[in-house]
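Residue numbers (the working numbering), protein chains in the order written: chain A, 1 to 389; chain B, 1001 to 1389.
Keep in mind the hints are simulated off the structure, nothing from the lab.
Careful, some of the hints might be misleading.
[Said to hold, decoys possible] Result set (DSS-like, lysine-lysine): computed pairs, CA atoms no more than 27 Å apart in a straight line:
id, chain 1, residue 1, chain 2, residue 2
1, B, LYS1266, B, LYS1186
2, B, LYS1123, A, LYS123
3, B, LYS1186, B, LYS1013
4, B, LYS1031, B, LYS1013
5, A, LYS123, B, LYS1022
6, A, LYS186, A, LYS31
7, A, LYS22, B, LYS1186
8, A, LYS186, A, LYS13
9, A, LYS22, A, LYS123
[To be verified] Simulated restraints on C-beta separations:
id, chain 1, residue 1, chain 2, residue 2, range
10, B, THR1142, A, ARG363, 47 to 53 Å
11, B, ASP1163, A, ARG124, 49 to 55 Å
12, A, ASN318, B, GLY1140, 58 to 64 Å
13, A, ARG363, B, ASP1231, 42 to 48 Å
14, A, GLN274, B, GLN1228, 49 to 55 Å
15, B, ASN1318, A, ARG124, 37 to 43 Å
16, A, GLU357, B, TYR1125, 34 to 40 Å
17, A, ARG124, B, ASP1074, 25 to 31 Å
18, A, LEU138, B, GLU1357, 39 to 45 Å
19, B, GLY1102, A, ARG303, 28 to 34 Å
20, B, TYR1125, A, PRO202, 38 to 44 Å
21, B, SER1119, A, GLN274, 53 to 59 Å
22, A, LEU138, B, GLN1228, 41 to 47 Å
Every value quoted in this text rests on a predicted model; they were computed, and no experiment measured them.
Ideal placement from N, C-alpha and C gives every residue a C-beta, glycine not left out.
The primary structure of each chain is shown beneath.
There are 2 protein chains.
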Amino acid sequence: MVDVAMVGAGQTKFGNHPLGLKGMWSEAIEKAFSSVDNDCLPSMVDEAFIGSIAFGGSQLGNTAALLTEHSGMDGVSVRRVENACASSGFALRDAWMTIKSGQADIVVAGGIEKMNDLSAERKRYWLGVSGDTEWERLAGLTFPGTYALTARRYFHEFESTHDDLVHVSVKNHMHGLDNEVAHLRKDVSFEKASSGAMVADPLTLYDCCPTSDGASAVILVADHLAHQFTDTPIWVKGSGAGSDKLALHDRPSLTQLRATQLASQKAYSIANVQPNQIDLAEVHDCFTIAEVLATEDLGFAGRGEGGLFARNGQGRRNEGNVTINASGGLKSKGHPLGATGTGQAVEVFKQLRHQVEAPRQVRDAEIGLTHNVGGSGATCAVHIFGRER
Amino acid sequence: MVDVAMVGAGQTKFGNHPLGLKGMWSEAIEKAFSSVDNDCLPSMVDEAFIGSIAFGGSQLGNTAALLTEHSGMDGVSVRRVENACASSGFALRDAWMTIKSGQADIVVAGGIEKMNDLSAERKRYWLGVSGDTEWERLAGLTFPGTYALTARRYFHEFESTHDDLVHVSVKNHMHGLDNEVAHLRKDVSFEKASSGAMVADPLTLYDCCPTSDGASAVILVADHLAHQFTDTPIWVKGSGAGSDKLALHDRPSLTQLRATQLASQKAYSIANVQPNQIDLAEVHDCFTIAEVLATEDLGFAGRGEGGLFARNGQGRRNEGNVTINASGGLKSKGHPLGATGTGQAVEVFKQLRHQVEAPRQVRDAEIGLTHNVGGSGATCAVHIFGRER
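Work out the full structure: start from the sequences and follow the hints.
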């Protein structure tokens, strides 16, 4: 079976980007290809997968082909992959499988979203439909409201309070402060994050990620080509994905994401890696409570101990066994829906190659993980990367 | 390398379907699974790919997971694939590669669209954005207008007139007349099709496919499982895909689809099959001129001879070397955008298993081809199927 190496990765700054879809995508592609140590060109790409939800009210269709046309991948077999906020996590998975299938040697996986061209109403729409519509959205439940219910239930089931979520927010803002591609680079104190404006009780502004413009892309190649392009390929050691019921009331538990559990178990098994071997994890903290649950579902903390994990600062850079969201996560780095999943992979690529400038570099990073969730947990893709094959 | 077999296939009737998305999808899945000779259940599926463009104004998101939840594929790794009208052709390709990758043994590829819940304006929008927006749609060029330009150019370059297109229309209506899942089952005479209401000169109503509701799905399995499920698996012998510039003016020729040429060359090469070995081809006749071009681009007729091919009746069932659109094609069977690609595969599955009732069965059908185009040719996926591995 073919092994898969990541040899290049790039992204735009996340935030309010001045360019439109074609400009943002071209920027991400240029950065990804220029990050490859030895010559690699978009024209060499055999297959491409582009994650996006809404394309930001651009009135453009057939957009996957439009974007590859404008980034030098003439004639390439390309499609859009859409799975709510997990779109490019699945694009990455499908790119990985494509190389493993032997049908392509050089594959691009990426994602893009233009959120700031959307009206507030359309932003709410595209986020809202990512959760359940029939039982939740049309009954008035917003996306922050969904995660607020989860947080309330978590506090009810376990010894945890909103303070634990504040710790997540403070950590992620601290991590993102020096990340030049991050959307919200703010030094946020515990006091400030504790007293944020209420969004959906108990979640305040500091518990909710922003929605961002952004594009990201990674270049995967078959094992026999890896060392042609670089001396330090990053191996995609495992990939897993799963799904769950859309509506919360259909799930056995509000405080676990079965999609994350299914995806990570599969990824760990294929990679032959244990949770305690992960040096850094980019997890899907669309809301702070989501990071607490992910910490447990990915096996970094025991059941009900995710709040304590945050309180103890165990996910802080270089302080515990694993650094959680070294990039700043969705909370600080930003969340351009369809671009988030491969954006996580861009961070892991740079971290595992030890190319991140101080103070952001995670010490001795050997193995990294990405965790990308669609909706309120209906879909999830997990990937594990390593310096060693 | 793993070979891939199709062991089940099913679809709803195309047309104005009384059910919504979940009902239509469940019907297609039930029919696909009940078509498998020996017990096969949705719960056994490892991975799923669902093609759709618009989901028909349903206000639903994260729809891939929603549909698998409602069809018994609990927890499955699933994503939506969107590539305009080629969405499920690419879903099929990605499902095929997934099995070849060794990551899954049982994979569903399908597609769905609910067109008749859309207003006329939204239908125009979703079709319009599948072509080029920046140079064409926003300048007023409609989708029929795009193909009308193509037809005019074809008549200019080659010895062909609108009569050749009428022959395509009459043939496809004749083929679809006895197809119980077809949208437009009408006996259309040459005279009638010649005098249709003008849509976009030279294309009349009889040159344009309808837009339909519909869902379709096929079940692919790895070679080692094929004979567990059936004595007559249909092998997916090859798959190819390609893309092209969206805007017509960027292409070197108006009368060839490079995406089709790239996709079919790849598929023929992998399948080790020549065009003259194809017994039946389901081609993307969104407009009659598109079938004429496909006949050439797929190698059934020489350059500029697609009109003559139609005039001579060479694509009629059992009359020439290859039967073109035995199902009735998009013209008669109907066109539920995202469901069309795997709908073509459903027809080929039944034809190659010799399970189609007279008079529709193509005689001695051994090798079949599907050709699914996105937009005005920006994307294309071609698959080749055979009774022999």
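Here is what the structure says about each hint:
1. For the hint linking B:LYS1266 to B:LYS1186, the alpha-carbon distance of about 36 Å lies beyond 27 Å, and the restraint is violated.
2. Taking the CA atoms of B:LYS1123 and A:LYS123, the gap is about 23 Å. The hint holds against a cut of 27 Å.
3. Among the hinted pairs, B:LYS1186 with B:LYS1013 is consistent with the structure: their alpha-carbon atoms are about 15 Å apart, no more than 27 Å.
4. Simply put, B:LYS1031 and B:LYS1013 have alpha-carbon atoms about 11 Å apart, close enough for the 27 Å limit, and the pair holds.
5. A C-alpha spacing of about 25 Å is found between A:LYS123 and B:LYS1022, which places the hinted pair at or below 27 Å, so the restraint holds.
6. Our distance criterion of 27 Å between C-alpha atoms is met by A:LYS186 and A:LYS31, whose separation comes to about 25 Å.
7. Of the supplied pair hints, the one linking A:LYS22 and B:LYS1186 is violated, its CA atoms being roughly 44 Å apart against a limit of 27 Å.
8. Proposed proximity of A:LYS186 and A:LYS13 is supported: the alpha carbons are some 15 Å apart, at most 27 Å.
9. Proximity of A:LYS22 to A:LYS123 is assessed by CA-CA distance (about 20 Å); at most 27 Å being required, the pair is judged to hold.
10. The given range of 47 to 53 Å is broken by B:THR1142 and A:ARG363, whose C-beta atoms sit roughly 60 Å from each other.
11. Taking 49 to 55 Å as the suggested C-beta distance range, the pair B:ASP1163 and A:ARG124 conforms, at roughly 54 Å.
12. Here the CB-CB span from A:ASN318 to B:GLY1140 is close to 59 Å, well matched to the stated 58 to 64 Å.
13. For A:ARG363 paired with B:ASP1231, a C-beta distance near 60 Å fails the hint of 42 to 48 Å.
14. Roughly 34 Å separates the CB atoms of A:GLN274 and B:GLN1228, a value that falls outside the hinted 49 to 55 Å.
15. In this structure the supplied range 37 to 43 Å is violated for B:ASN1318 paired with A:ARG124, their Cβ-Cβ distance being about 56 Å.
16. Between A:GLU357 and B:TYR1125 the C-beta distance comes to about 46 Å, which lies outside the given range of 34 to 40 Å.
17. Checked against the hint of 25 to 31 Å, the pair A:ARG124 and B:ASP1074 passes, with Cβ atoms roughly 30 Å apart.
18. Between A:LEU138 and B:GLU1357 the C-beta distance comes to about 44 Å, which sits within the given range of 39 to 45 Å.
19. Range check, B:GLY1102 to A:ARG303: about 33 Å between beta-carbon atoms, so the 28 to 34 Å window is met.
20. A C-beta distance of roughly 41 Å is found between B:TYR1125 and A:PRO202, which places it inside the suggested range of 38 to 44 Å.
21. Taking 53 to 59 Å as the suggested C-beta distance range, the pair B:SER1119 and A:GLN274 conforms, at roughly 54 Å.
22. In this structure the hint that A:LEU138 and B:GLN1228 lie 41 to 47 Å apart at CB holds, the actual value being about 43 Å.
Hint compliance for this structure: hints 1, 7, 10, 13, 14, 15, 16 are broken, all remaining hints hold.
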